[in-house]
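What follows is each chain in one-letter form.
Number of protein chains: 2
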Amino acid sequence: MNKLYIIKIGGNVLDDEKSLNHFLKDFASIQSPKILIHGGGKIATKIGDRLGIESKYIDGRRITDLATRDLVTMVYGGLLNKQITAHLQTLHCNAIGVTGADGNLIKAVKRPVGKINYGFVGDITPESVNSSFLYFLLKQNVVPVFAPLTHADGDILNTNADTIASVLAIALSKHFDIRLIFCFEKEGVLQDVNDETSVIRHLNGELYQQLLKSGSFHDGILPKLENALMAIRSGVKEVLIGEHTHLIANLGYETKGTLITA
Amino acid sequence: MNKLYIIKIGGNVLDDEKSLNHFLKDFASIQSPKILIHGGGKIATKIGDRLGIESKYIDGRRITDLATRDLVTMVYGGLLNKQITAHLQTLHCNAIGVTGADGNLIKAVKRPVGKINYGFVGDITPESVNSSFLYFLLKQNVVPVFAPLTHADGDILNTNADTIASVLAIALSKHFDIRLIFCFEKEGVLQDVNDETSVIRHLNGELYQQLLKSGSFHDGILPKLENALMAIRSGVKEVLIGEHTHLIANLGYETKGTLITA
Chain A
1 MNKLYIIKIG
11 GNVLDDEKSL
21 NHFLKDFASI
31 QSPKILIHGG
41 GKIATKIGDR
51 LGIESKYIDG
61 RRITDLATRD
71 LVTMVYGGLL
81 NKQITAHLQT
91 LHCNAIGVTG
101 ADGNLIKAVK
111 RPVGKINYGF
121 VGDITPESVN
131 SSFLYFLLKQ
141 NVVPVFAPLT
151 HADGDILNTN
161 ADTIASVLAI
171 ALSKHFDIRL
181 IFCFEKEGVL
191 QDVNDETSVI
201 RHLNGELYQQ
211 LLKSGSFHDG
221 ILPKLENALM
231 AIRSGVKEVL
241 IGEHTHLIAN
251 LGYETKGTLI
261 TA
Chain B
1001 MNKLYIIKIG
1011 GNVLDDEKSL
1021 NHFLKDFASI
1031 QSPKILIHGG
1041 GKIATKIGDR
1051 LGIESKYIDG
1061 RRITDLATRD
1071 LVTMVYGGLL
1081 NKQITAHLQT
1091 LHCNAIGVTG
1101 ADGNLIKAVK
1111 RPVGKINYGF
1121 VGDITPESVN
1131 SSFLYFLLKQ
1141 NVVPVFAPLT
1151 HADGDILNTN
1161 ADTIASVLAI
1171 ALSKHFDIRL
1181 IFCFEKEGVL
1191 QDVNDETSVI
1201 RHLNGELYQQ
1211 LLKSGSFHDG
1221 ILPKLENALM
1231 AIRSGVKEVL
1241 IGEHTHLIAN
1251 LGYETKGTLI
1261 TA
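Here the protein sequences line up with chains A and B, keeping their order.
Here the first sequence is numbered in the working numbering, starting from 1 and rising by one per residue.
Here the second sequence is numbered in the working numbering, starting from 1001 and rising by one per residue.
Check the hints yourself; a few may be wrong.
As the list claims (entries may be wrong) - With a cut-off of at most 16 Å between alpha-carbon atoms, the simulated EDC-like pairs for lysine to aspartate or glutamate come out as follows:
1. K213(A) with D192(A)
2. K25(A) with D1153(B)
3. K1018(B) with E1243(B)
4. K46(A) with D15(A)
5. K186(A) with D219(A)
6. K1025(B) with D15(A)
Said to hold, decoys possible - To give a feel for the contact side, a few chain B residues facing chain A, derived at Cβ under 10 Å:
7. L1080
8. K1082
9. T1085
10. L1091
No lab work stands behind these hints, which were simulated from the structure alone.
Since the structure is predicted, the reported quantities are computational estimates derived from the model, not experimental observations.
Virtual Cβ for every residue (Gly too), placed ideally from N, Cα, C.
So that you can see chain A by itself, here it is in the shape it has in the complex (with noise of 0.2 Å):
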């Protein structure tokens, strides 16, 4: 099978131009076929304050209410994925930037009510992926590149753009041997937070039952690493998870991050 590269970028490249840059120029001359989802990053909040759009919580979880749901299809669907998809065409990389609505990519199902209205949220499984449309634009030699975006009965829907990630791993590996990488602000995943020369190099099954009983990771990372042993459960390789300046260049001979496989 041939080898599909799926990656995912969120606030600590997307904020940052020169990061980014950096990011989309390794991006680009990866070879194999690839996919990029990006998460929002600070612009959303920002247009939003301007537009007088406050974000919501409840409980701490964010509601995506209807105005919000306008401003992230704007500011992730239109100015974020439109400016990655313009720029990867001047480093010979042919993007096409797509929500879940696009070729009915990603079907979701809006998020059930019940304790929380969490709102305009779609969930998804693997089950979700237009994957024959996927599989025939990478046949083509275009690069999909997702803002963390889907849809239900005519709504755009809000989606967290790590577990987009996992999903499109988990419904293309019967087509690929993937390779899904999770870019964020830390080497990665480290076995103490406050100690950044602690990165767990490689992580297993098993490994991550031990170290979640013992209370080793930091709650920021377990949703990242839910996702990730998500997709290893269903079929996909290889998962890394790191800080992408090291990552991405030296994909095939990595030193740095966390590899996590069955």
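Fit chain B to the known structure of chain A by using the hints.
Relative to the frame of chain A, chain B by itself:
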């Protein structure tokens, strides 16, 4: 050759929810391959006002400065384009929302600075179109929905939606029997702008030149007619101009609108 419908809608459809819903239902029901191009509408001005971005004009010509460019990237490429795409998905129309940057579909030239600096505006020709990728998308029964944006050298550029429609029509006329349709607020091209019943039913190059010389055409219709005639001169068989409620549901046996042929 297969028929291909290329349909452009503007503010009069986009600014009215009921009108847009009506149009999208008719559009989705077209069984042949089809492409939609949407313009802007008042929503960009509204959001621009809230963000403190002023519309700028020099000698009556709109200028796209950096702030305006980012605004239209958000509103046309994000909000409007994704709302339309998600809506079409509910009507079993597998839409994919795109700008010219996506898949390098339309590569423009930034308008050279002459007497006026128009800013981030893209000029295009039929050679600007990546027709092979567009052809592939259409063969997959995917329906491209274009925002009026193109790209050059890493920049998203504002581009007239009528021009995009004409240029796409010409570029694809090798592959398809094209029917290019411009929807606007009137029933057709009027011989007398003050008489709504004076619709010119059939216009060709010769009659156009005659009426142009006699000063029959209203200034507002001239750019649209220029785009239509450019398409006809370059291999597009038929252009139809009129009001969408009369046109789209009755394709093939229209009794309203202005039909333009060679």
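| field | chain A contact restraint for K1082(B) - C-beta distance below 10 Å | value | holds (5 Å)
| Within 16 Å, alpha carbon to alpha carbon, are K25(A) and D1153(B)? | holds (15 Å)
| Has the given pair, K1018(B) with E1243(B), been kept, meaning a C-alpha gap of at most 16 Å? | holds (15 Å)
| Proposed proximity, D192(A) with K213(A) (alpha carbon, max 16 Å) | Distance ~14 Å between K213(A) and D192(A) Cα, so the pair holds.
| field | 16 Å Cα cutoff - pair K1025(B), D15(A) | value | The hint is violated at about 40 Å.
| query | Per the CB criterion, is L1080(B) less than 10 Å away from chain A? | reply | holds (9 Å)
| message | Can you verify the interface hint for T1085(B): is its Cβ closer than 10 Å to any Cβ in chain A? | response | holds (5 Å)
| query | Taking only the CA atoms, is the gap from K186(A) to D219(A) under or equal to 16 Å? | reply | At roughly 14 Å apart (the allowed maximum being 16 Å), D219(A) and K186(A) satisfy the hint.
| query | Has the given pair, K46(A) with D15(A), been kept, meaning a C-alpha gap of at most 16 Å? | reply | holds (11 Å)
| request: Identify whether the interface hint at L1091(B) stands, where standing means a beta carbon of chain A within less than 10 Å of its own. | output: Since chain A brings a Cβ to about 9 Å from L1091(B), closer than 10 Å, the hint holds.
Violated hint: 6 only; the structure is consistent with all others.
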